[in-house]
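J.: Just so you know, the sequences run in chain order R and F. Take 14 as the starting number for the first sequence in the working numbering and just add one per residue. Take 291 as the starting number for the second sequence in the working numbering and just add one per residue.
The hints are simulated quantities; they were obtained by calculation from the structure and are not laboratory data. Just so you know, not all the hints are guaranteed correct.
Stated by the list, open to error - As a list, the in silico SDA-like pairs of lysine to any residue whose alpha-carbon atoms are at most 25 angstroms apart:
| hint | chain 1 | residue 1 | chain 2 | residue 2 |
| --- | --- | --- | --- | --- |
| 1 | R | Lys192 | F | Tyr635 |
| 2 | F | Lys345 | R | Thr84 |
| 3 | F | Lys345 | R | Glu184 |
| 4 | R | Lys126 | F | Lys484 |
| 5 | F | Lys359 | R | Trp182 |
| 6 | R | Lys87 | F | Arg605 |
| 7 | R | Lys192 | F | Arg355 |
| 8 | F | Lys345 | R | Arg23 |
| 9 | R | Lys86 | F | Val543 |
| 10 | R | Lys126 | F | Lys347 |
| 11 | F | Lys345 | R | Trp182 |
| 12 | R | Lys126 | F | Leu558 |
| 13 | R | Lys126 | F | Tyr635 |
| 14 | F | Lys345 | R | Lys192 |
| 15 | R | Lys192 | F | Asn512 |
| 16 | F | Lys359 | R | Thr84 |
| 17 | R | Lys126 | F | Val331 |
| 18 | F | Lys359 | R | Lys87 |
| 19 | F | Lys359 | R | Arg135 |
| 20 | F | Lys347 | R | Asp138 |
| 21 | F | Lys345 | R | Gly172 |
| 22 | F | Lys359 | R | Asp138 |
| 23 | F | Lys359 | F | Val331 |
| 24 | F | Lys345 | R | Arg177 |
Said to hold, decoys possible - Chain F side only, calculated, beta carbon under 7 angstroms to chain R, not exhaustive:
| hint | residue |
| --- | --- |
| 25 | Asn523 |
| 26 | Gly547 |
| 27 | Ala603 |
| 28 | Ala611 |
| 29 | Arg640 |
Claimed, not checked - Stretches of chain R that chain F covers, calculated by requiring three or more beta carbons in the stretch to come under 8 angstroms of a beta carbon on chain F:
| hint | region |
| --- | --- |
| 30 | 41 to 52 |
| 31 | 59 to 73 |
| 32 | 133 to 146 |
| 33 | 180 to 191 |
Think of the CB as a built atom: it goes at the ideal place given N, C-alpha and C, for glycine as much as any other residue.
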Amino acid sequence: METLDQIKARAEAAVPGAKIDIVPNPGPAQQLSLLIDNEHALAVARFLRVDPALRLDFCSNVTGVDWLDRTVKKTVKVKKILDGEEKEVDEMTEEKIPGYLEAVYHLYSMTHKQGPVIIRMRTTDRAAGSRLPSLTSIWRSAEFQEREIFDLYGIRFEGHPDLRRILMWDEFVDHPMRKDYREPDDYEYEPTPHDDVLERAKQHYASRPQLDGAEKITDAVKG
Amino acid sequence: MTATIQTLEPIERPPTTMGSRLEGELMEVSMGPQHPSTHGVFRMNVALEGEIVRKLKPVFGYLHRNHEKIGETVSYLGSMPYTDRLDYFCSMTNNWAYALSVEKLAEIEVPERAQYLRVILAELTRLQNHASLLGFLLSDMGAWGTPLMYAFREREKILDLFESLSGSRMMCDYMRFGGCRVDAGPDWMERAKKIVDLFPRFIDEMENLVVGNEIVIARTQNVGKLSAELAINAGITGPMLRACGVNYDVRKVDGYGFYPRFKFRIPLGEHGDTYDRLMMRALEMRESVGILKQALEQVPAGPIMNPKMKIRAFRPPVGEAYGRIEAPKGELGFYLISDGGTNPYRYRVRPPSFINLTVLEDLCLGHTVADVMVILGSVDIVMGEVDR
Numbered sequence: 014m015e016t017l018d019q020i021k022a023r024a025e026a027a028v029p030g031a032k033i034d035i036v037p038n039p040g041p042a043q044q045l046s047l048l049i050d051n052e053h054a055l056a057v058a059r060f061l062r063v064d065p066a067l068r069l070d071f072c073s074n075v076t077g078v079d080w081l082d083r084t085v086k087k088t089v090k091v092k093k094i095l096d097g098e099e100k101e102v103d104e105m106t107e108e109k110i111p112g113y114l115e116a117v118y119h120l121y122s123m124t125h126k127q128g129p130v131i132i133r134m135r136t137t138d139r140a141a142g143s144r145l146p147s148l149t150s151i152w153r154s155a156e157f158q159e160r161e162i163f164d165l166y167g168i169r170f171e172g173h174p175d176l177r178r179i180l181m182w183d184e185f186v187d188h189p190m191r192k193d194y195r196e197p198d199d200y201e202y203e204p205t206p207h208d209d210v211l212e213r214a215k216q217h218y219a220s221r222p223q224l225d226g227a228e229k230i231t232d233a234v235k236g
Numbered sequence: 291m292t293a294t295i296q297t298l299e300p301i302e303r304p305p306t307t308m309g310s311r312l313e314g315e316l317m318e319v320s321m322g323p324q325h326p327s328t329h330g331v332f333r334m335n336v337a338l339e340g341e342i343v344r345k346l347k348p349v350f351g352y353l354h355r356n357h358e359k360i361g362e363t364v365s366y367l368g369s370m371p372y373t374d375r376l377d378y379f380c381s382m383t384n385n386w387a388y389a390l391s392v393e394k395l396a397e398i399e400v401p402e403r404a405q406y407l408r409v410i411l412a413e414l415t416r417l418q419n420h421a422s423l424l425g426f427l428l429s430d431m432g433a434w435g436t437p438l439m440y441a442f443r444e445r446e447k448i449l450d451l452f453e454s455l456s457g458s459r460m461m462c463d464y465m466r467f468g469g470c471r472v473d474a475g476p477d478w479m480e481r482a483k484k485i486v487d488l489f490p491r492f493i494d495e496m497e498n499l500v501v502g503n504e505i506v507i508a509r510t511q512n513v514g515k516l517s518a519e520l521a522i523n524a525g526i527t528g529p530m531l532r533a534c535g536v537n538y539d540v541r542k543v544d545g546y547g548f549y550p551r552f553k554f555r556i557p558l559g560e561h562g563d564t565y566d567r568l569m570m571r572a573l574e575m576r577e578s579v580g581i582l583k584q585a586l587e588q589v590p591a592g593p594i595m596n597p598k599m600k601i602r603a604f605r606p607p608v609g610e611a612y613g614r615i616e617a618p619k620g621e622l623g624f625y626l627i628s629d630g631g632t633n634p635y636r637y638r639v640r641p642p643s644f645i646n647l648t649v650l651e652d653l654c655l656g657h658t659v660a661d662v663m664v665i666l667g668s669v670d671i672v673m674g675e676v677d678r
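Input sequences plus hints: build the corresponding full structure.
T.: Structure below.
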């Protein structure tokens with residue numbers, strides 16, 4: 014199979030205007046991926062599926078990933094003046110990379126028995142309602158998996174035929190797989206709350222004045 | 291008894307377009323989560339015109355335990371028992387898929403004996419899974435559990451093997467990164483050999499029940515035809531894909547484990563209907579028996595665990611990996627992103643049953659309600675995997 018550089022070059026040639034980067038994968042697995050820009054993602058995906066040398070007709074896995082804001086330390090060569098001379102010195106800089114949501118597609122070819130070619134699409138930020146193009150029209154196997162990413166991460170896939178929650182119930186509000194997901198404070202369902210759970214549960218209990226006027230009696234006794 | 295699969299003439303089914311007396315009124319039925327035939331808590335909203343299915347939307351998530359989030363909060367090794375509970379019929383293959391992915395992530399070598407043991411246990415798992423599937427499918431068709439009990443009789447023998455080896459019938463938690471947890475002694479090997487030698491008689495028995503049975507033929511032939519193009523596009527894998535005639539088996543394509551050392555064939559179907567999917571399982575059982583015979587003969591002595599493998603505080607290097615195996619249900623893959631810590635940053639299961647359900651609507655349209663149960667049975671879903 015061709016290397017990722019060759020695939021990237023041919024895809025950029027076939028889809029004018031597409032910006033594809035190769036995302037490094039530092040570990041020993043050596044599974045590098047292509048980062049496609051959202052505008053041309055559909056065209057690039059169609060090229061990957063249709064191109065006779067690649068024929069990536071099998072989309073095996075669609076994954077959502079939640080990247081929080083990260084600070085990456087980098088060593089940069091900086092020209093500094095030391096002892097009256099200009100020298101190049103290594104300096105540690107911190108780069109803040111804002112967080113984003115990502116959809117990763119693992120593509121294989123059943124015709125040529127090759128693969129995987131991994132493509133990624135990133136949203137601009139982690140805000141609710143971030144949008145990515147849906148690749149369901151290219152690979153039908155993305156249908157349920159993109160629904161699952163919508164359900165669990167909150168990425169809206171534009172062009173998906175039936176985007177609604179798949180694993181959580183329809184009225185559920187949050188997106189469970191996000192890194193900042195907080196479990197609901199719904200302790201009403203706890204049958205016998207006690208200790209700190211009882212304290213939190215009391216916030217959800219409606220105030221229940223006693224209907225027989227008994228609280229007035231206790232006040233009279235106390236007072 | 292020699293097993294010759296006779297080619298039988300497919301029975302012509304009457305056309306399924308009935309003129310509806312309801313004048314096109316669609317009745318929506320929820321074939322609800324609690325149903326003896328739905329293979330777990332699985333719901334289908336069907337819109338029926340008389341008996342014909344016009345729309346079908348599967349609804350699931352009743353068994354969603356957010357296994358992927360648990361994977362992020364627990365260490366790599368701590369997730370291993372959770373993988374047993376994904377496809378709870380086939381815990382050994384789930385374990386192997388996860389161990390394979392982590393071994394890819396951290397480049398861990400597995401000794402020879404451990405690889406052979408993994409193949410043996412995976413093929414035993416495949417045998418008992420396919421046998422159970424035939425049993426369940428026939429029960430769905432109204433055979434009231436007798437073929438299922440025949441299948442379970444064989445399955446119990448295999449589960450006894452698993453129990454004596456790993457301590458548990460179904461939730462084995464047996465594979466480790468770099469090998470296996472417990473070694474199999476010579477008497478375990480003897481018992482396994484005996485079971486494998488006797489298994490073809492059970493396959494013959496099941497085939498005689500299934501292949502020539504006119505009820506099965508009438509109910510499954512030309513029902514739920516899946517074309518190869520749709521199957522590939524929808525990401526269908528496993529016996530369901532090979533029933534459409536597509537020659538794609540991860541054991542042959544990737545050649546993971548020591549599968550390239552064994553001679554086995556890949557059965558392929560012709561029509562892609564339910565009958566072919568059924569026959570796939572029966573034929574694959576025979577191939578599995580062949581692999582098992584070779585593996586049990588060739589298994590060498592030696593260590594079962596990589597001695598250089600650090601088990602406690604295992605931190606794989608930063609990076610990501612996708613590892614996949616041919617589980618009995620299809621291609622089971624694990625996608626792991628590591629940030630250098632003890633827990634994965636992202637832990638994703640590629641569930642074959644979930645993705646095989648993509649085409650359920652296409653298969654069932656135009657068929658009757660009775661066919662829907664048969665088609666669903668042939669897809670072979672397990673809710674633990676669909677919902678995770």
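J.: Determine for every hint whether it applies to the structure shown.
T.: Here is how each hint holds up against the structure:
With a C-alpha separation of about 10 angstroms, the suggested pair Lys192/R and Tyr635/F falls inside the 25 angstroms cut-off, and the hint holds. With a C-alpha separation of about 50 angstroms, the suggested pairing of Lys345/F with Thr84/R is violated against the 25 angstroms cut-off. For a cut-off of 25 angstroms, the pair hint linking Lys345/F to Glu184/R stands: about 23 angstroms separates their Cα positions. With a C-alpha separation of about 37 angstroms, the suggested pairing of Lys126/R with Lys484/F is violated against the 25 angstroms cut-off.
In summary, the hint linking Lys359/F to Trp182/R is supported, as the alpha carbons are separated by about 17 angstroms, within the 25 angstroms threshold. Using a Cα cut-off of 25 angstroms, the hinted pair Lys87/R and Arg605/F holds, with the two alpha carbons roughly 22 angstroms apart. Straight-line distance between C-alpha atoms of Lys192/R and Arg355/F comes to about 17 angstroms, which keeps the hinted pair within the 25 angstroms bound. With a CA separation close to 41 angstroms, the supplied pair Lys345/F and Arg23/R exceeds the 25 angstroms bound.
A distance of roughly 41 angstroms separates the Cα atoms of Lys86/R and Val543/F; the hinted pair therefore is violated under the 25 angstroms criterion. Annotation: proposed proximity of Lys126/R to Lys347/F is violated, straight-line Cα distance about 32 angstroms (limit 25 angstroms). Restraint check for Lys345/F and Trp182/R: satisfied, since their Cα atoms lie roughly 21 angstroms apart, inside the 25 angstroms limit. Taking the CA atoms of Lys126/R and Leu558/F, the gap is near 16 angstroms; set against the 25 angstroms cutoff, the hint holds.
Simply put, Lys126/R and Tyr635/F have alpha-carbon atoms about 30 angstroms apart, too far for the 25 angstroms limit, and the pair is violated. In summary, the hint linking Lys345/F to Lys192/R is not supported, as the alpha carbons are separated by about 37 angstroms, beyond the 25 angstroms threshold. As the CA atoms of Lys192/R and Asn512/F are separated by approximately 47 angstroms, the hinted pair breaks the 25 angstroms bound. Taking the CA atoms of Lys359/F and Thr84/R, the gap is about 23 angstroms. The hint holds against a cut of 25 angstroms.
For the proposed pair Lys126/R and Val331/F, the alpha carbon gap of about 35 angstroms is over 25 angstroms, so the pair is violated. Simply put, Lys359/F and Lys87/R have alpha-carbon atoms about 30 angstroms apart, too far for the 25 angstroms limit, and the pair is violated. Taken as a hint, the Lys359/F and Arg135/R pair is honoured in the structure, with Cα atoms around 21 angstroms apart against an allowance of 25 angstroms. Restraint check: the Cα-Cα separation between Lys347/F and Asp138/R comes to about 33 angstroms, which exceeds 25 angstroms; the hinted pair is violated.
In summary, the hint linking Lys345/F to Gly172/R is supported, as the alpha carbons are separated by about 21 angstroms, within the 25 angstroms threshold. The suggested pairing of Lys359/F with Asp138/R holds, with an alpha-carbon distance near 21 angstroms, which does not exceed 25 angstroms. A distance of roughly 21 angstroms separates the Cα atoms of Lys359/F and Val331/F; the hinted pair therefore holds under the 25 angstroms criterion. This hinted pair checks out: Lys345/F and Arg177/R have alpha carbons roughly 17 angstroms apart, not beyond 25 angstroms.
Taking 7 angstroms as the C-beta contact cut-off toward chain R, the hint placing Asn523/F at the interface holds, the least distance being around 5 angstroms. Given hint, Gly547/F at the interface with chain R, is violated; its Cβ is 17 angstroms from that chain's nearest Cβ, farther than 7 angstroms. For Ala603/F, the suggested interface contact is broken, since its CB lies about 18 angstroms from the closest CB of chain R, more than 7 angstroms. The restraint placing Ala611/F at the interface with chain R holds, with a minimum CB-CB distance near 4 angstroms, inside the 7 angstroms limit.
A least Cβ separation of about 4 angstroms between Arg640/F and chain R falls short of the 7 angstroms threshold, and the interface hint therefore holds. Judged by the Cβ-Cβ criterion of 8 angstroms, the region 41 to 52 of chain R is covered by chain F as claimed, because 3 of its residues qualify and three suffice. Check result for the region 59 to 73 of chain R against chain F: holds, 4 residues qualifying (beta carbon to beta carbon below 8 angstroms, three or more required). Check on the region 133 to 146 of chain R: 0 of its residues sit with their Cβ under 8 angstroms from a Cβ of chain F, so the three-residue criterion for coverage is violated.
Counting residues of the region 180 to 191 of chain R whose CB falls under 8 angstroms from any CB of chain F gives 5; the rule of at least 3 is met.
Checked against the numbered hints given earlier, this structure breaks hints 2, 4, 8, 9, 10, 13, 14, 15, 17, 18, 20, 26, 27, 32; the rest are met.
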